[in-house]
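Novice: With the sequences and hints as input, model every part of the structure.
Each chain, letter by letter, is given below.
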Amino acid sequence: EPEVTQTPSHQVTQMGQEVILRCVPISNHLYFYWYRQILGQKVEFLVSFYNNEISEKSEIFDDQFSVERPDGSNFTLKIRSTKLEDSAMYFCASRDRGRPNTIYFGEGSWLTVV
Amino acid sequence: GDSVTQMEGPVTLSEEAFLTINCTYTATGYPSLFWYVQYPGEGLQLLLKATKADDKGSNKGFEATYRKETTSFHLEKGSVQVSDSAVYFCALSRNTGGFKTIFGAGTRLFVKA
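For the protein sequence lines, the chains are A and B, in the order given.
For the first sequence, the residue numbers in the working numbering are 74 to 187.
For the second sequence, the residue numbers in the working numbering are 1340 to 1452.
Keep in mind that the hints were calculated from the coordinates and are not lab data.
Please read these numbers as outputs of a predicted model, since none were measured by experiment.
We treat Cβ as the ideally placed atom computed from N, Cα and C, and that holds for glycine.
It is possible that part of the hints are untrue.
Stated by the list, open to error - Chain B regions said to be covered by chain A (calculated; three or more residues, Cβ under 8 Å):
{"hint": "1", "region": "1378-1388"}
{"hint": "2", "region": "1441-1451"}
Stated by the list, open to error - Sample of chain B residues at the chain A side, in silico, Cβ under 10 Å:
{"hint": "3", "residue": "V1343"}
{"hint": "4", "residue": "F1357"}
{"hint": "5", "residue": "Y1375"}
{"hint": "6", "residue": "F1428"}
{"hint": "7", "residue": "A1430"}
{"hint": "8", "residue": "S1432"}
{"hint": "9", "residue": "F1438"}
Specialist: This is the structure we're talking about:
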């Protein structure tokens, strides 16, 4: 079974620091996503990425967030200056163009901002 | 915009009881519908899906039927086990554009032995 992998699994950072969360989507997938889940709350869409550009973003995805696909395999989420309220589980996901109904989620990266 | 509403939890059941978790959605067009499960401390796992009206998704004894007339996708299981204790998320995905997934708030299920 193909899988999306995320690193780190857990990161603790000081408020105001920059954080980069990394994801390796499934190799032949073309659509990539980041979602966020604050502890005990719903899973929220952050951003979708296709053809090397953002195709959609939510209100949560403000100027402190950015995404990048620096090479052919990684997909990163950068939080420029972390705030306490950024503490959450961040899920990466990917989807194949030919099977739009099948989205694969990673195990998540726990971010704790102190 | 698109949205998913599911019954609030927690739901507490005894082992072998019947489970229903209600889910309704609002969307334009014909979205695909999903149930995801999140076990304690773990990520999201796709439990089942349905891509068109009247489709029934099923997996591990769980099932849900895509009802367009009532815009619902209720999750059911005939006999729950302690190991089914988890949070269940109903979700939809449009079949156009960026295909993003919209999640419901989640329903926590506790199953007692």
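Novice: Does each hint hold? Answer for all of them.
Specialist: Verification of the supplied hints:
1. Given a C-beta distance limit of less than 8 Å, the hint that chain A covers the region 1378-1388 of chain B holds, as 6 residues qualify and 3 suffice.
2. As drawn, the region 1441-1451 of chain B meets chain A at 5 residues by the rule of a beta-carbon pair under 8 Å; at three or more, the given contact holds.
3. Given the 10 Å rule on beta carbons, the hint for V1343(B) holds: about 9 Å separates it from the nearest Cβ of chain A.
4. For F1357(B), the shortest C-beta to C-beta distance to chain A is roughly 26 Å, which exceeds 10 Å, and the interface hint is violated.
5. Taking 10 Å as the C-beta contact cut-off toward chain A, the hint placing Y1375(B) at the interface holds, the least distance being around 8 Å.
6. Hint status for F1428(B) relative to chain A: holds, with the closest Cβ pair at about 6 Å, below 10 Å.
7. Because the closest C-beta pair between A1430(B) and chain A is about 8 Å apart, less than 10 Å, the hint holds.
8. Interface restraint check: S1432(B) against chain A, minimum CB-CB distance 7 Å, threshold 10 Å, status holds.
9. For F1438(B), the suggested interface contact is upheld, since its CB lies about 5 Å from the closest CB of chain A, less than 10 Å.
Hint 4 from the earlier list is the only one contradicted by this structure; the remaining hints agree with it.
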